[in-house]
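J.: Residue strings, one per chain:
There are 2 protein chains.
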Amino acid sequence: MISKVLVRLKEDVLDPAGRALTEQLNHLGFNEVKSAMVGKYIELNMDTGDREKQKERVQEMCHRLLANSLIEDYEIIHEVIEKKP
Amino acid sequence: MISKVLVRLKEDVLDPAGRALTEQLNHLGFNEVKSAMVGKYIELNMDTGDREKQKERVQEMCHRLLANSLIEDYEIIHEVIEKKP
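Taken in order, these protein sequences are the chains called G and V. The opening residue of the first sequence carries number 1 in this note's numbering; numbering runs sequentially from there. The opening residue of the second sequence carries number 1 in this note's numbering; numbering runs sequentially from there.
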């Protein structure tokens with residue numbers, strides 16, 4: 001089962017990459033972009049049969065390694081990949 | 001309206017960051033992680049009234065700036081933020 005983790009900076013944390021991206025997009029003519037934020041996207045291919053157990057483990061990974069809870073928030077998306085016949 | 005863009009390396013592209021993350025997670029005891037991939041997560045706060053128009057514009061941004069189509073795939077998630085009263 002694949003788990004996707006989205007890690008983003010908290011709202012009040014300075015985001016120079018996001019600011020640079022906003023300016024670049026505006027410069028390219030995408031003036032409707034008011035702000036952009038650049039974070040991390042992590043895909044985990046895991047070998048657990050148990051959906052609930054996997055959710056718990058991914059939470060633990062976020063807490064211990066994937067996200068810095070002082071400055072970052074995270075969101076987890078769980079996806080079931082069906083086996084091809 | 002917020003649009004979220006997930007940018008990931010194509011399956012056959014070498015991903016040293018993902019490999020290092022897999023090793024690190026295994027080392028921490030998360031042995032059920034078979035592989036990990038590290039990509040970019042971009043959040044765009046946009047000022048378009050029109051949902052369809054926004055989808056089109058975000059596609060264009062991905063094509064022109066956000067993703068390198070030679071080595072990366074992308075996925076777009078559109079989200080409507082309801083205005084608070």
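Worth flagging that the hints you see were computed from the coordinates, not collected in a lab. Just so we're clear, the structure is a prediction, and the values are computed from it rather than from any experiment. Possibly wrong hints are sitting among the right ones.
[As the list claims (entries may be wrong)] Here are the simulated BS3-like pairs of lysine-lysine, each with C-alpha atoms no more than 27 Å apart in a straight line:
id, chain 1, residue 1, chain 2, residue 2
1, G, K34, V, K40
2, G, K34, V, K4
3, G, K40, V, K55
4, V, K40, G, K55
5, G, K10, G, K34
6, G, K34, V, K34
7, V, K40, V, K55
8, G, K4, G, K55
9, G, K40, G, K10
10, G, K4, V, K34
J.: Would you mind confirming whether the straight-line C-alpha gap from V/K40 to G/K55 stays at or under 27 Å?
T.: Within the cut-off at roughly 22 Å; holds.
J.: Between G/K40 and V/K55, does the CA-CA distance stay at or below 27 Å?
T.: holds (22 Å)
J.: For the pair supplied as a hint, G/K40 and G/K10, confirm whether the alpha-carbon distance does not exceed 27 Å.
T.: holds (13 Å)
J.: Does V/K55 lie within 27 Å of V/K40 when you go C-alpha to C-alpha?
T.: The given pair, whose Cα atoms are some 19 Å apart, holds under the 27 Å limit.
J.: Given the hint that G/K34 pairs with V/K40, does the C-alpha gap stay at or below 27 Å?
T.: The hint holds at about 19 Å.
J.: Please verify whether G/K10 and G/K34 have alpha carbons no more than 27 Å apart.
T.: holds (17 Å)
J.: Given the hint that G/K4 pairs with V/K34, does the C-alpha gap stay at or below 27 Å?
T.: Since the Cα atoms of G/K4 and V/K34 sit roughly 14 Å apart, the hinted pair holds (cutoff 27 Å).
J.: Taking 27 Å as the top limit, are the C-alpha atoms of G/K4 and G/K55 close enough?
T.: It holds: about 11 Å lies between the C-alpha atoms, which stays within 27 Å.
J.: What's the verdict on G/K34 and V/K4, does the C-alpha distance respect the 27 Å limit or exceed it?
T.: holds (14 Å)
J.: Does V/K34 lie within 27 Å of G/K34 when you go C-alpha to C-alpha?
T.: violated (39 Å)
In this structure, only the earlier hint numbered 6 is contradicted, and the remaining ones agree with it.
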